[in-house]
Amino acid sequence: MTKNEALFNYLLRLGDTSLILAQRNAEWCGHGPFLEEDLALTNISLDLLGQANSILLYAGAVEGKGRSEDDLAFHRTEREFYNTLLSEQSNGDYAKTILRQFLCDAFDYCFYSELVKSKDETLSAIAAKSIKEITYHLRHTSSWVERLGDGTEESHSRMQNALDELWRFTGEMFEMNEVDSILIKEGIAVDLKSIQPKWESKVKEVLERATLKIPANAFMQRGSRDAKHTEHLGFILAEMQSLPRSLPDAKW
Amino acid sequence: MVNKEKILAFLSEIPDPEIPVINIKDLGVLRDVVVNGNEVEVIITPTYSGCPAMKQIEDDIVSAMKKNGIENTKVKMAYHPAWTTDWLSDEAKEKLRKYGIAPPEKSTSDKGALAGKKKTCPHCSSENTEMVSQFGSTACKALYKCLDCKEPFDYFKCH
Numbered sequence: 026m027t028k029n030e031a032l033f034n035y036l037l038r039l040g041d042t043s044l045i046l047a048q049r050n051a052e053w054c055g056h057g058p059f060l061e062e063d064l065a066l067t068n069i070s071l072d073l074l075g076q077a078n079s080i081l082l083y084a085g086a087v088e089g090k091g092r093s094e095d096d097l098a099f100h101r102t103e104r105e106f107y108n109t110l111l112s113e114q115s116n117g118d119y120a121k122t123i124l125r126q127f128l129c130d131a132f133d134y135c136f137y138s139e140l141v142k143s144k145d146e147t148l149s150a151i152a153a154k155s156i157k158e159i160t161y162h163l164r165h166t167s168s169w170v171e172r173l174g175d176g177t178e179e180s181h182s183r184m185q186n187a188l189d190e191l192w193r194f195t196g197e198m199f200e201m202n203e204v205d206s207i208l209i210k211e212g213i214a215v216d217l218k219s220i221q222p223k224w225e226s227k228v229k230e231v232l233e234r235a236t237l238k239i240p241a242n243a244f245m246q247r248g249s250r251d252a253k254h255t256e257h258l259g260f261i262l263a264e265m266q267s268l269p270r271s272l273p274d275a276k277w
Numbered sequence: 002m003v004n005k006e007k008i009l010a011f012l013s014e015i016p017d018p019e020i021p022v023i024n025i026k027d028l029g030v031l032r033d034v035v036v037n038g039n040e041v042e043v044i045i046t047p048t049y050s051g052c053p054a055m056k057q058i059e060d061d062i063v064s065a066m067k068k069n070g071i072e073n074t075k076v077k078m079a080y081h082p083a084w085t086t087d088w089l090s091d092e093a094k095e096k097l098r099k100y101g102i103a104p105p106e107k108s109t110s111d112k113g114a115l116a117g118k119k120k121t122c123p124h125c126s127s128e129n130t131e132m133v134s135q136f137g138s139t140a141c142k143a144l145y146k147c148l149d150c151k152e153p154f155d156y157f158k159c160h
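In order, the protein sequence lines correspond to chains H and U.
Residues in the first sequence are numbered from 26 upward in steps of one, following our numbering.
Residues in the second sequence are numbered from 2 upward in steps of one, following our numbering.
What the hints contain is simulated information worked out from the structure, not anything from laboratory work.
Possibly wrong hints are sitting among the right ones.
[As the list claims (entries may be wrong)] Chain H residues, not near chain U, derived (Cβ > 12 Å throughout): (1) 30; (2) 43; (3) 63; (4) 69; (5) 82; (6) 164; (7) 189; (8) 196; (9) 243; (10) 246.
[What the hints assert, rightly or not] Listed next, the in silico EDC-like pairs over lysine to aspartate or glutamate satisfying Cα-Cα at most 20 Å (straight line): (11) H:223 - H:175; (12) U:94 - U:6; (13) U:56 - H:94; (14) H:121 - H:61; (15) U:75 - H:61; (16) U:77 - H:95.
No experiment lies behind these values; they were computed from the predicted model shown.
Just so it is clear, CB atoms sit at the ideal spot from N, CA and C, and this is done for glycine as well.
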């Protein structure tokens, strides 16, 4: 694998994760539990979409085959996507959406804080831009996890169910392969093992305040590094890609 | 021969599509103009990564250039240095306040300005206000309400 191929794959991981999570949160548009939260989720979605846009634009340039950010978003199939399994999980109830976003925000916060130091100038600039937005998201979702977890019996049990369901998808976020080793050597990528303890302590701190318990069963589902996904991704892509695929020349 | 200063002057008249009282220069979105013979590169930076107004701003720039007889325009998006509300001039902040949007307070290094600190109501100047939501009508604003005049208002977040 060449450095360029590794970088292309790395950018797809980051861009696809932001894109799919943006699409998931956008599903709440007009359906939020109340107006302010509807706005919050769609605002977060918009930030993520913007991040995905700049990363995939760069991915297209790195690949050098003339693919635009839209080509990459709308004209790849399920087995060509590298987003994390966590990002594609269904919205479920509001507790599950908020917890999914919180676990991703905590990861993004630790990850992009480090990526700012990347020797790749484009990635470093995108990270510096994104971290401001992510800090805001994390503050928002942390406060909701705490409020709902340490809330009523009903809200607590919904949060605990969400945690039991989603925890198994958090392990693979830190999985590294050849792509990482090539890019870490170049000073481009973040060593995921080094940010894992930071992520764990951030997450545990909030979950403790929220009186939520991390599941004892340590089984972790993996797959996204090999572009293998849960059953949800196909449905997301079918909806997200239907317009540009059925009307390929459609313009805004 | 096209002149950089002249181009910057007419581009500075383009209003922000969401907040038309301030222009794209005041907002800090318009960064630079580079003239290469007959080709002109206009460099802009987004406020927030996903700001939907950016496409509109790009279109507005291209049409302003055409109106001034410049056909060969490239609009380039730069991410570095990342946009910050510190670039807003005092004059721009005053325009925001008059428009009904509480301007960002001081600098982004003041983290209190992001979190709990009281904001001044742009309608009645009362400091008896509270945050309704961290997220407002656009990505760059948060939603507040005034407990004295009872009016809701947007706060332009420190970023």
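Contradicted hints - numbers only: 2, 3, 4, 5, 6, 11, 12 and 15
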